[in-house]
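Asks: Spelled out, the chains give:
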Amino acid sequence: QQQVKQSPQSLIVQKGGISIINCAYENTAFDYFPWYQQFPGKGPALLIAIRPDVSEKKEGRFTISFNKSAKQFSLHIMDSQPGDSATYFCAAANFGNEKLTFGTGTRLTIIP
Amino acid sequence: GAGVSQTPSNKVTEKGKYVELRCDPISGHTALYWYRQSLGQGPEFLIYFQGTGAADDSGLPNDRFFAVRPEGSVSTLKIQRTERGDSAVYLCASSLVGGLETQYFGPGTRLLVL
Chain V
1 QQQVKQSPQS
11 LIVQKGGISI
21 INCAYENTAF
31 DYFPWYQQFP
41 GKGPALLIAI
51 RPDVSEKKEG
61 RFTISFNKSA
71 KQFSLHIMDS
81 QPGDSATYFC
91 AAANFGNEKL
101 TFGTGTRLTI
111 IP
Chain G
113 GAGVSQTPSN
123 KVTEKGKYVE
133 LRCDPISGHT
143 ALYWYRQSLG
153 QGPEFLIYFQ
163 GTGAADDSGL
173 PNDRFFAVRP
183 EGSVSTLKIQ
193 RTERGDSAVY
203 LCASSLVGGL
213 ETQYFGPGTR
223 LLVL
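Residue numbers (this note's numbering), protein chains in the order written: chain V, 1 to 112; chain G, 113 to 226.
Same shape as in the complex, but just chain V (with noise of 0.2 Å):
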């Protein structure tokens, strides 16, 4: 059972434009959401996390868009730049059960 759902598998998005990454999730007992940023044959390093007391978080360029009600929350990169290039894997884990739970991931690439 996937219990989170990640989409799309692959983005393309042009230089200076906004990538968004969306996830959805089916288990309402978790309570942390982090996006991981993977770079190809290195591992998967925090991007940003967010708690569900609150429906938005931003840092610099990235933000994260929390919706409770729907169990989703997305990713968004303002401002795309190639360096920006990589998989991106959300996640979810809720307290006293620590594991995360990743989603499929998505390729994103940022075109000149």
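It should be emphasised that the hints constitute simulated quantities derived from the structure, not laboratory data.
Among the clues, some could well be false.
To be verified - Quick list of the computed label-pair ranges, beta carbon to beta carbon:
1) LYS127(G) - PHE95(V): 34 to 44 Å
2) VAL209(G) - VAL54(V): 15 to 25 Å
3) VAL186(G) - LYS71(V): 32 to 42 Å
4) ASN97(V) - GLU183(G): 20 to 30 Å
To be verified - Sample of chain G residues at the chain V side, in silico, Cβ under 8 Å:
5) PHE157
6) TYR160
7) PHE217
To be verified - Using 27 Å as the maximum straight-line C-alpha spacing, the simulated DSSO-like pairs for lysine-lysine come out as follows:
8) LYS42(V) - LYS57(V)
9) LYS123(G) - LYS71(V)
10) LYS68(V) - LYS99(V)
11) LYS99(V) - LYS71(V)
12) LYS99(V) - LYS5(V)
13) LYS58(V) - LYS71(V)
14) LYS123(G) - LYS99(V)
15) LYS190(G) - LYS99(V)
16) LYS58(V) - LYS190(G)
17) LYS5(V) - LYS42(V)
18) LYS57(V) - LYS99(V)
19) LYS58(V) - LYS68(V)
Fair warning: this is a prediction, and the values are worked out from it, not measured in the lab.
A virtual CB, placed ideally from N, CA and C, is assigned to each residue, including glycine.
Got chain V sorted already, so can you dock chain G onto it with the hints?
Replies: For chain G alone, coordinates are given in the frame of chain V:
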């Protein structure tokens, strides 16, 4: 400071052989996690250590997989009687105290079973 390190970076073995994968967590991190990442997929949880003990091993796929962390630092993931389906990247992560603290991932060990 040094991040999570994993050795070897690549491992090629034959079906039926035994392999050991090593993880050196960030110094002082009490929580350690193993994940497995198949091609084109997100990491899947295998096991979580808090100190020396396995707090959650619910992700281990079967009894061919075993992991230890005898001194609460370095961990070894052991796979017996490897199968071709075990081919994947095995990722290790550590966090300061567990809970919902940030998990820092190593570069992974790419295992290929022929």
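Asks: Regarding the hint that TYR160(G) lies at the interface with chain V, is the smallest CB-CB distance below 8 Å?
Replies: holds, 6 Å
Asks: Taking 20 to 30 Å as the hint, is the beta-carbon distance of ASN97(V) and GLU183(G) inside that range?
Replies: Roughly 26 Å apart at Cβ, these two residues keep to the hinted range, so it holds.
Asks: Evaluate the given range 15 to 25 Å for the C-beta pair formed by VAL209(G) and VAL54(V).
Replies: holds, 23 Å
Asks: Does LYS99(V) sit within 27 Å of LYS57(V), going by the straight-line distance between their CA atoms?
Replies: holds, 22 Å
Asks: Holds or violated: LYS58(V) with LYS71(V), Cα cutoff 27 Å?
Replies: holds, 19 Å
Asks: Hinted pair, alpha-carbon criterion (27 Å max): LYS58(V), LYS68(V). Please report holds or violated.
Replies: The hint holds at about 17 Å.
Asks: When you check the alpha-carbon spacing of LYS123(G) and LYS99(V), does it fall within 27 Å?
Replies: At roughly 26 Å apart (the allowed maximum being 27 Å), LYS99(V) and LYS123(G) satisfy the hint.
Asks: If I claimed the Cβ atoms of LYS127(G) and PHE95(V) lie 34 to 44 Å apart, would that claim hold in this structure?
Replies: holds, 40 Å
Asks: Using Cβ atoms only, decide whether PHE217(G) comes closer than 8 Å to chain V, and label the hint accordingly.
Replies: Where the cut-off is 8 Å and the nearest Cβ of chain V is about 3 Å from PHE217(G), the hint holds.
Asks: Within 27 Å, alpha carbon to alpha carbon, are LYS190(G) and LYS99(V)?
Replies: At roughly 20 Å apart (the allowed maximum being 27 Å), LYS99(V) and LYS190(G) satisfy the hint.
Asks: Hey, LYS42(V) versus LYS57(V), does the alpha-carbon distance stay inside 27 Å?
Replies: holds, 26 Å
Asks: Below or equal to 27 Å on CA atoms is what counts here, so check LYS68(V) against LYS99(V).
Replies: Holds. LYS68(V) to LYS99(V) sits at ~20 Å (cutoff 27 Å).
The structure fails to meet hints 9 and 16 from the earlier list, while all remaining hints are met.
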